[in-house]
Amino acid sequence: MKLVVMFAGLLAAVALSASASAQTPPENPYPAKNLKVFVAAQTVTQEGALSNFFIRGSTVVFRSYAGVAKTKQVLTPKTVKSFYVQIPGQPNVKLTYLNRRANGRWQWTGSWTVPADYALGIVPFKVFVKTKSNRVATFTQIPVATSQLTITSSVDASFLSEAAAAARGAPNALDVFLYVDTVNGTRPSGAKPRPVGCTQTNTFKRGEQLVFRIWGTEASNGSILSTENVKYAYVKIPGQPFARLNWGAHGPTTNRVWFWTAAWNIAADFPLGTTTFRIVFKTEANKFGMYDHVVTITP
Amino acid sequence: MVVAVLAAVAMTAAIAGAASAGTSASTKKVVFSAKYSGKAVVNTTDTIATITANGVGKGSVIGAGKVSGKGKANTAVRPCVPFTGLGTMTGTGRTKLTFKVVSGTRGCGDEAGEVFSLSGRATVVSATGRLAKAKGSLKLTGVYDRGHGTFTVKFTGTLTQ
Numbered sequence: 001m002k003l004v005v006m007f008a009g010l011l012a013a014v015a016l017s018a019s020a021s022a023q024t025p026p027e028n029p030y031p032a033k034n035l036k037v038f039v040a041a042q043t044v045t046q047e048g049a050l051s052n053f054f055i056r057g058s059t060v061v062f063r064s065y066a067g068v069a070k071t072k073q074v075l076t077p078k079t080v081k082s083f084y085v086q087i088p089g090q091p092n093v094k095l096t097y098l099n100r101r102a103n104g105r106w107q108w109t110g111s112w113t114v115p116a117d118y119a120l121g122i123v124p125f126k127v128f129v130k131t132k133s134n135r136v137a138t139f140t141q142i143p144v145a146t147s148q149l150t151i152t153s154s155v156d157a158s159f160l161s162e163a164a165a166a167a168r169g170a171p172n173a174l175d176v177f178l179y180v181d182t183v184n185g186t187r188p189s190g191a192k193p194r195p196v197g198c199t200q201t202n203t204f205k206r207g208e209q210l211v212f213r214i215w216g217t218e219a220s221n222g223s224i225l226s227t228e229n230v231k232y233a234y235v236k237i238p239g240q241p242f243a244r245l246n247w248g249a250h251g252p253t254t255n256r257v258w259f260w261t262a263a264w265n266i267a268a269d270f271p272l273g274t275t276t277f278r279i280v281f282k283t284e285a286n287k288f289g290m291y292d293h294v295v296t297i298t299p
Numbered sequence: 001m002v003v004a005v006l007a008a009v010a011m012t013a014a015i016a017g018a019a020s021a022g023t024s025a026s027t028k029k030v031v032f033s034a035k036y037s038g039k040a041v042v043n044t045t046d047t048i049a050t051i052t053a054n055g056v057g058k059g060s061v062i063g064a065g066k067v068s069g070k071g072k073a074n075t076a077v078r079p080c081v082p083f084t085g086l087g088t089m090t091g092t093g094r095t096k097l098t099f100k101v102v103s104g105t106r107g108c109g110d111e112a113g114e115v116f117s118l119s120g121r122a123t124v125v126s127a128t129g130r131l132a133k134a135k136g137s138l139k140l141t142g143v144y145d146r147g148h149g150t151f152t153v154k155f156t157g158t159l160t161q
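Each protein sequence line maps, in turn, to chains P and W. The numbering of the first sequence is my numbering, which starts it at 1 and goes up by one. The numbering of the second sequence is my numbering, which starts it at 1 and goes up by one.
In short, the hints are calculated from the structure, not lab data.
Calculated pairs, EDC-like style, for lysine to aspartate or glutamate (alpha carbon to alpha carbon, straight line, at most 20 angstroms):
id : chain 1 : residue 1 : chain 2 : residue 2
1  : W       : 72        : W       : 46
2  : W       : 72        : W       : 145
3  : W       : 72        : W       : 114
4  : P       : 282       : P       : 228
5  : P       : 231       : P       : 284
6  : W       : 154       : P       : 284
7  : W       : 58        : P       : 228
8  : P       : 282       : P       : 292
9  : W       : 35        : P       : 228
10 : W       : 154       : P       : 228
11 : W       : 35        : P       : 284
12 : W       : 39        : W       : 145
13 : P       : 33        : P       : 284
14 : P       : 236       : P       : 292
15 : W       : 139       : P       : 228
16 : P       : 70        : P       : 175
17 : W       : 29        : P       : 284
18 : W       : 39        : W       : 114
19 : P       : 287       : P       : 228
20 : P       : 33        : P       : 175
21 : P       : 287       : P       : 175
22 : P       : 192       : P       : 156
23 : P       : 236       : P       : 181
24 : W       : 139       : P       : 284
With the hints as extra help, turn the sequences into a complete structure.
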């Protein structure tokens with residue numbers, strides 16, 4: 001009898017635990033919980049403006065960087081077997097190494113001119129890298145539709161100011177690999193909302209809402225950065241209080257992914273021109289990740 | 001005579017030193033990790049939400065058991081809602097850990113305000129059983145799903161005992 005009661009109790013506990021955990025959505029870190037090889041990519045104009053909207057006939061510049069977990073080495077031609085962009089219905093775009101000292105970490109670039117008859121809509125491109133030690137990695141875009149590469153019939157050029165590159169050269173090795181971009185927030189406090197929210201851009205008008213989107217890995221073991229292994233994370237905004245980065249769920253309910261964000265409303269008197277924002281992560285293993293993101297502020 | 005007094009003083013100091021060294025040596029570090037999932041009821045009046053949470057789970061040292069807690073949140077602050085409260089983890093062998101969720105702890109909501117990422121710290125108020133006299137602060141991380149009223153929470157850190 002005692003045994004039966006014990007089993008019943010055990011089953012009830014298991015059932016309670018299972019039902020509760022089944023209903024709580026799991027953390028779904030973007031792009032995965034662990035990456036043995038980190039690879040990140042952005043799309044920019046030929047002038048270097050971050051954008052995911054392009055018209056037919058324009059040139060999309062893909063820029064990328066990658067690194068290997070454990071060794072923490074950033075990939076260079078010496079360690080890469082192949083590095084390319086796969087675009088549906090198009091020849092692969094080979095990425096070549098710039099090797100410029102002051103181009104930040106986006107050293108691998110390639111260009112694609114959008115054909116005049118290319119279908120309008122989202123381009124689900126992928127970036128593939130294979131190391132000489134035969135490790136492979138793939139980059140896919142964050143599944144937020146408005147921030148994905150899109151071929152459209154017109155683009156608002158006022159948001160495509162030439163952007164200065166980060167002043168730092170490419171690092172040889174990193175303790176923390178970071179992907180960083182910025183999108184326009186849907187709730188600007190002092191400007192008219194753009195027709196489409198959450199599009200990638202590094203040109204903002206005063207009064208708009210700038211949203212940093214970041215994901216990354218701890219280089220020593222490839223673990224994705226989350227609240228579990230990060231002590232603190234923030235964006236250093238010149239002349240302003242730091243903006244704390246938040247780990248959370250984003251995207252449609254059917255495909256929520258988790259990454260870091262911080263929203264900042266640009267003050268009406270914020271200095272015009274290019275501004276460098278420093279992103280800082282400190283992990284529980286006392287390793288730092290830093291990234292300088294350059295944004296152009298316009299009237 | 002003076003020599004005798006000095007010797008006695010020196011001996012007393014030596015004994016005191018040894019005793020204090022013994023105290024510090026007897027303090028041990030306990031690596032703690034526990035994960036729970038369950039239901040949370042949140043009632044909001046104006047911008048103050050009262051939270052009642054109950055869950056089951058297990059952890060190192062504490063074993064399988066339950067977590068429960070009560071707290072308050074300020075929903076006027078978005079997208080990350082700060083919350084504090086008091087809770088207990090109970091495990092096997094009469095092991096119980098009472099903790100306080102401290103200021104700086106928050107839940108960051110998604111665009112719909114449905115799924116919240118929980119992060120912050122919980123300091124140990126009292127402990128019994130295998131964790132008797134344990135002190136310290138634990139990292140708190142987890143997820144709260146407002147739509148389903150469910151949560152998962154993880155406590156990690158090193159306590160001294």
